[in-house]
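Q: Below, each chain spelled out in residue letters.
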Amino acid sequence: EAGVAQSPRYKIIEKRQSVAFWCNPISGHATLYWYQQILGQGPKLLIQFQNNGVVDDSQLPKDRFSAERLKGVDSTLKIQPAKLEDSAVYLCASSQDRGLGELFFGEGSRLTVL
Amino acid sequence: KQEVTQIPAALSVPEGENLVLNCSFTDSAIYNLQWFRQDPGKGLTSLLLIQSSQREQTSGRLNASLDKSSGRSTLYIAASQPGDSATYLCAVRRTGNQFYFGTGTSLTVIP
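Chains C and S, in that order, are what the protein sequence lines are.
For the first sequence, the working numbering assigns the number 16 to the initial residue and increments by one for each residue that follows.
For the second sequence, the working numbering assigns the number 12 to the initial residue and increments by one for each residue that follows.
Treat each hint with caution, since some may be false.
As the list claims (entries may be wrong) - Quick list of in silico lysine-lysine cross-link-like pairs, BS3-like style, CA-CA up to 30 Å:
no. : chain 1 : residue 1 : chain 2 : residue 2
1   : C       : Lys59     : C       : Lys26
2   : C       : Lys26     : C       : Lys77
3   : S       : Lys79     : C       : Lys93
4   : C       : Lys77     : S       : Lys79
5   : S       : Lys79     : C       : Lys98
6   : C       : Lys59     : S       : Lys53
7   : C       : Lys26     : C       : Lys93
8   : S       : Lys79     : C       : Lys86
9   : C       : Lys77     : C       : Lys98
10  : C       : Lys98     : C       : Lys59
11  : C       : Lys98     : S       : Lys53
12  : C       : Lys98     : C       : Lys30
13  : C       : Lys86     : C       : Lys26
14  : C       : Lys86     : S       : Lys53
15  : C       : Lys93     : C       : Lys30
16  : C       : Lys30     : S       : Lys79
17  : C       : Lys98     : C       : Lys26
18  : S       : Lys53     : S       : Lys12
19  : C       : Lys93     : C       : Lys59
20  : C       : Lys93     : S       : Lys12
21  : C       : Lys59     : C       : Lys77
22  : C       : Lys77     : S       : Lys12
23  : C       : Lys59     : C       : Lys86
24  : S       : Lys12     : S       : Lys79
25  : S       : Lys12     : C       : Lys59
26  : C       : Lys30     : C       : Lys77
27  : S       : Lys53     : C       : Lys26
28  : C       : Lys59     : C       : Lys30
29  : C       : Lys93     : C       : Lys77
Hints in this document: simulated from the structure, not taken from any laboratory.
Note that the structure is predicted; figures quoted are calculated from it, not measured.
Put together the whole structure using the sequences plus the hints.
A: Structural data, given as structure tokens:
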């Protein structure tokens, strides 16, 4: 079974530039999550999708961050314009709604804003 | 709101030692609890998942326990090895597919 795929793995940009991250969840997983993880901290939820609808985006800085999940499968997270404090690892995860409900993560996308 | 705490934040042990990592949570109304391992620069790898109706789960040298009433879980690692060095995070899941993470315990196993 293929895991959660993310790209790019690394990205370095100047502040005020834009960046986009892509995620493909495990096949059949209805729920998709984007987390931000700053060094030394636990993951912080940015947005949660169920199929192609948003369940929770209360901690998403909507003035600069946006996310979409077209057709309930792939998802894209965009930051525009980036700030220095956006430097972090952006983790995508997916889970089934039923059964064990185990959460699976991708390798993450490390963003450095200069 | 669910709060998850992991103590200690960092732990250093000699190779071969048995060790326990702790995770505590404030709201006992959980669906399950999951332990993860994170290597530097990598994503989180699932180690063990305990359903709310279970008391423990085992996988190889790892054993995780859950006491919902006291809001605690422990991850026991037997005969630690240098390759176990990583950050270990716990996450509790509530209904509605919401997950709450601790800040992790950074483990170093000294050869």
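Q: Take the C-alpha atoms of Lys77 (chain C) and Lys79 (chain S), compute the straight-line distance between them, and say whether it is at most 30 Å.
A: 36 Å, violated
Q: Holds or violated: are the alpha carbons of Lys98 (chain C) and Lys53 (chain S) at most 30 Å from each other?
A: 23 Å, holds
Q: Does Lys79 (chain S) lie within 30 Å of Lys30 (chain C) when you go C-alpha to C-alpha?
A: At roughly 45 Å apart (the allowed maximum being 30 Å), Lys79 (chain S) and Lys30 (chain C) break the hint.
Q: Does the structure keep Lys98 (chain C) and Lys26 (chain C) at a Cα separation of 30 Å or less?
A: 14 Å, holds
Q: Does Lys93 (chain C) pair with Lys30 (chain C) here, judged by a C-alpha cut-off of 30 Å?
A: Distance ~14 Å between Lys93 (chain C) and Lys30 (chain C) Cα, so the pair holds.
Q: Between Lys12 (chain S) and Lys79 (chain S), is the straight-line Cα distance small enough, at 30 Å or below?
A: Holds. Lys12 (chain S) to Lys79 (chain S) sits at ~16 Å (cutoff 30 Å).
Q: Between Lys59 (chain C) and Lys26 (chain C), is the straight-line Cα distance small enough, at 30 Å or below?
A: 20 Å, holds
Q: Does the alpha-carbon distance linking Lys30 (chain C) and Lys77 (chain C) stay inside the 30 Å limit?
A: Holds, at roughly 17 Å.
Q: Is the Cα-Cα distance between Lys86 (chain C) and Lys26 (chain C) 30 Å or less?
A: This hinted pair holds, its Cα atoms lying about 26 Å apart.
Q: Mind checking the alpha carbons of Lys86 (chain C) and Lys53 (chain S) for me, to see if they're no more than 30 Å apart?
A: 28 Å, holds
Q: Please work out if Lys98 (chain C) and Lys59 (chain C) have their alpha carbons no farther apart than 30 Å.
A: OK: Lys98 (chain C) and Lys59 (chain C) at ~17 Å, within 30 Å.
Q: Given the hinted pair Lys79 (chain S) and Lys93 (chain C), is their Cα-Cα distance within 30 Å?
A: 38 Å, violated
Taken one by one, the earlier hints fail for this structure at numbers 3, 4, 5, 8 and 16, listed in ascending order.
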